[in-house]
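Q: One line per chain: the protein sequences are A and B, in this order.
For the first sequence, this note's numbering begins at 3 and goes up steadily by one.
For the second sequence, this note's numbering begins at 5 and goes up steadily by one.
It is possible that part of the hints are untrue.
[Unchecked claim] Estimated spans, in silico, between C-beta atoms of each pair:
| no. | chain 1 | residue 1 | chain 2 | residue 2 | range |
| --- | --- | --- | --- | --- | --- |
| 1 | A | Ala142 | B | Gly62 | 41 to 51 Å |
| 2 | A | Lys141 | B | Gly262 | 57 to 67 Å |
| 3 | A | Arg148 | B | Ser47 | 42 to 52 Å |
| 4 | A | Arg148 | B | Pro323 | 29 to 39 Å |
| 5 | B | Pro74 | A | Ala150 | 24 to 34 Å |
[To be verified] With a straight-line cut-off of 27 Å between C-alpha atoms, the simulated DSSO-like cross-links for lysine-lysine are:
| no. | chain 1 | residue 1 | chain 2 | residue 2 |
| --- | --- | --- | --- | --- |
| 6 | B | Lys32 | B | Lys495 |
| 7 | B | Lys436 | B | Lys116 |
| 8 | A | Lys143 | B | Lys495 |
| 9 | B | Lys529 | B | Lys495 |
| 10 | A | Lys32 | B | Lys321 |
| 11 | B | Lys236 | B | Lys6 |
| 12 | B | Lys529 | B | Lys59 |
| 13 | A | Lys143 | B | Lys175 |
| 14 | B | Lys175 | B | Lys32 |
| 15 | B | Lys59 | B | Lys179 |
| 16 | B | Lys495 | B | Lys236 |
| 17 | B | Lys179 | B | Lys436 |
| 18 | A | Lys141 | B | Lys179 |
| 19 | B | Lys6 | A | Lys141 |
| 20 | B | Lys32 | B | Lys6 |
| 21 | A | Lys143 | B | Lys260 |
[To be verified] Listed below are several chain B residues computed to face chain A (Cβ distance under 7 Å; list not exhaustive):
| no. | residue |
| --- | --- |
| 22 | Ser47 |
| 23 | Gly53 |
| 24 | Ser65 |
| 25 | Ser67 |
| 26 | Pro152 |
| 27 | Pro162 |
| 28 | Gly174 |
| 29 | Gly198 |
| 30 | Arg199 |
| 31 | Ala200 |
| 32 | Ile203 |
| 33 | Pro210 |
| 34 | Pro323 |
| 35 | Val367 |
| 36 | Pro376 |
Derived from the structure by calculation, the hints contain no laboratory data.
Beta carbons are placed, not taken as given, at the ideal position from N, Cα and C, and that holds for glycine.
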Amino acid sequence: MSVSNELTSAQRDDLRIVAAMIVPASDEYKVPGADDPAIQADMLATLGRDTALVAQALDHLAQLADKPLADLDPVRRDAVAQEFRASGGAAAATLVRVVLQCYYRDDRVLRSLGLELRAPFPQGYTLEQGDWSLLDPVKAKPPHLRRAT
Amino acid sequence: MKNDPVDVLIIGAGASGAAVAWSLADTKMHILCLDQGGWMNSSEYPSTGRDWEAKFYGDWSTSPNIRGRPQDYPINDDNSPIKVVNFNGVGGSTVMYTAHWPRLHPSDFKVKTLDGVADDWPIDYDTLTPFFEENDRMMGVSGLSGDPRSPLTRPPMPPQPLGLSGPLIGKAMNKLGWHWWPSDTTVATMDYEGRARCINLGHCTPACAQGAKASTDITYWPHAIRAGVELKTHCRVREILTNEHGMASGVVYYDKDGVEQFQPAEVVIIACNGVGTPRLLLNSVSGRFPNGLANSSGLVGKNLMFHPYAQIYGFVKEPTDSNRAPPTCLWSKEFYDTDLSRGFVRGYGIQFGRGAGPVFEAVASEQKGILPWGADHHRVFRRLNGHRLGVSAICEDLPEEHNRVTLDPVLKDCHGIPAPKIDYTISENSRKMMAHGLARGREILEAAGATDLCINDPIPWGGWHLLGTARMGTDPARSVVNEWGRSHDVKNLFIVDGSVFVTSGGVNPTSTIQAIALYVADQMKQRLANLFD
């Protein structure tokens, strides 16, 4: 059984809705929401060890909503979301983290943030030396090292 | 299955096991090291993939309980506000550390004499000085000699660049008139002994794909193996056996196929650090040693010290180095020494953080409630991401017997060996120290212009430093090993890791742990003719 199949269809629907509540699309920043199909596919494909806690979080969400999130009016949906985050514990935190870790590695999102679309290795990054004269006042002070006797 | 006997058996291939193996190699004795993990493959390290940050929450978590690999063992730390973090494999936790490289100060060895608390060490800073220096050469240290408030060091490589974050911190500290200095680190800032220089992969803790960060799998071990030391991986030691004379006769371990083996040895050296070492000793029960091996004092597992970390961070308008630099670059010893007017005894070091990557920033800020859900998420995230500065007070933890490692009655590892259980509380003295550190951190960050300040008090997954659970001393009733690392009870059993610490100081301990390992090895070499007398 694939990992994505471990969430039910209803759970996947709720995951998509709550993801969009966490990070909605933005025309201003030219980024998709976390309900974007590619980002959702990434989440489902990489849930792995987080599957059980995410499923638990979605069950908790479903209990609070008492119906699919998509069927709630926006005011009620926001209230459910707030209650979910306040009472959901480690499971809710895991769900939010899964959403964010997939969102903030999407090419479109990274491009919007001005970040490069690559792994850190092997190119690395350049670090400027900075102003070493800032250390002069520290050097000017007399040494102080507590004696052992 | 019984193997051919060896002269010296070392348990654990991490920071101290590697150092002691390398040092003893010149004796030409038959030396064997067993480690429960395997060799690392740097091509699999997180920074080689686009999902590098996500890996920190799973396979590359600092928590063995989250990683859950077969080479890790579970730890019941439910009864501790600070969770144990470590790494198991060749290199041990040097594979997964920040490479921050301060030493204990000379005054840290005389806590009882100077401040009337805890106990003095049976050795002093001067005794360890040559071993600190030898270790710095072997590990490859970068830094700036001449820190007026730290012991003199001579790093063979120049310090890390200040980058964008360093000057912001430096200006704030100068405004307050407080000490700061570039950290000594084991990050190579130039090509060094086969290691390539740092290219700022940005997250030193979960292993360095460049090999710029010193971990003992790429520093000590190649030299030790070339000198004839044998290292067997995926071999988990269950217990140390003793003979009719009360001497260690060898160990029982499970090999890579899970087959139980007996390895006879003339000398056994434990290098499993402050949780693994007491776990092994407490699991080594016999008729002669019913309370665990080397435990006539009853102190095996007691006096666990963690270093509670009080962390405060905030966000400045200027860009910081974020994930594009080693995470730590500066330290301060302004509040290191005792000043009773502060309301607590002893003190703390400060280490500064350069920033975080986007996923970490989003997750942490959402959890802290400063990154909202909904339409405003994007605006706020752009203000936070790449603008973080951090201040962490690493507080000296004094030894208390009720802070301890015992064996969990239920939890076991994949070989059925009882797992360690941690019972730990943060002392009132530490609480006051942490509060002081947070208040000073707030002043530093405000001087830097930071807003949206957030606190971790303590850093919950901050149990990096595992110290004190088999302390050294001259009195067998008050210590587990003597002043040169030999068990008071078992004359051919040695301990060389962080568990022998008498007090913790207020700095990262790995440099001192390895200096002690080299010192114990040197003592053994000097006493080979009468090692068991």
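Q: Each hint: holds or not?
A: Hint check:
1. A:Ala142 x B:Gly62: 41 to 51 Å: holds, 48 Å
2. A:Lys141 x B:Gly262: 57 to 67 Å: About 58 Å separates the Cβ atoms of lysine 141 of chain A and glycine 262 of chain B, which means 57 to 67 Å holds.
3. A:Arg148 x B:Ser47: 42 to 52 Å: This hint holds: roughly 46 Å between Cβ atoms.
4. A:Arg148 x B:Pro323: 29 to 39 Å: Holds: the Cβ-Cβ distance is about 38 Å, inside 29 to 39 Å.
5. B:Pro74 x A:Ala150: 24 to 34 Å: Cβ of proline 74 of chain B to Cβ of alanine 150 of chain A: about 45 Å, so the range 24 to 34 Å is violated.
6. B:Lys32 x B:Lys495: holds, 21 Å
7. B:Lys436 x B:Lys116: Holds, at roughly 20 Å.
8. A:Lys143 x B:Lys495: At roughly 49 Å apart (the allowed maximum being 27 Å), lysine 495 of chain B and lysine 143 of chain A break the hint.
9. B:Lys529 x B:Lys495: holds, 15 Å
10. A:Lys32 x B:Lys321: Measuring from Cα to Cα gives roughly 23 Å; hence the hint holds.
11. B:Lys236 x B:Lys6: holds, 15 Å
12. B:Lys529 x B:Lys59: The hint is violated at about 43 Å.
13. A:Lys143 x B:Lys175: Holds, at about 16 Å.
14. B:Lys175 x B:Lys32: violated, 53 Å
15. B:Lys59 x B:Lys179: Since the Cα atoms of lysine 59 of chain B and lysine 179 of chain B sit roughly 39 Å apart, the hinted pair is violated (cutoff 27 Å).
16. B:Lys495 x B:Lys236: holds, 25 Å
17. B:Lys179 x B:Lys436: holds, 25 Å
18. A:Lys141 x B:Lys179: holds, 15 Å
19. B:Lys6 x A:Lys141: violated, 61 Å
20. B:Lys32 x B:Lys6: holds, 23 Å
21. A:Lys143 x B:Lys260: violated, 57 Å
22. Ser47: violated, 9 Å
23. Gly53: At about 5 Å, which falls below the 7 Å cut-off, the nearest Cβ of chain A leaves the hint on glycine 53 of chain B intact, so it holds.
24. Ser65: With Cβ-Cβ at 10 Å, over 7 Å, it is violated.
25. Ser67: violated, 12 Å
26. Pro152: holds, 4 Å
27. Pro162: violated, 10 Å
28. Gly174: holds, 4 Å
29. Gly198: Hint violated; glycine 198 of chain B Cβ to chain A Cβ min 17 Å, cut 7 Å.
30. Arg199: Violated, about 14 Å.
31. Ala200: violated, 10 Å
32. Ile203: Holds - the Cβ of isoleucine 203 of chain B comes within 7 Å of chain A, reaching about 3 Å at its closest.
33. Pro210: violated, 11 Å
34. Pro323: Hint violated; proline 323 of chain B Cβ to chain A Cβ min 10 Å, cut 7 Å.
35. Val367: Given a least distance of 5 Å, the restraint on valine 367 of chain B holds.
36. Pro376: violated, 9 Å
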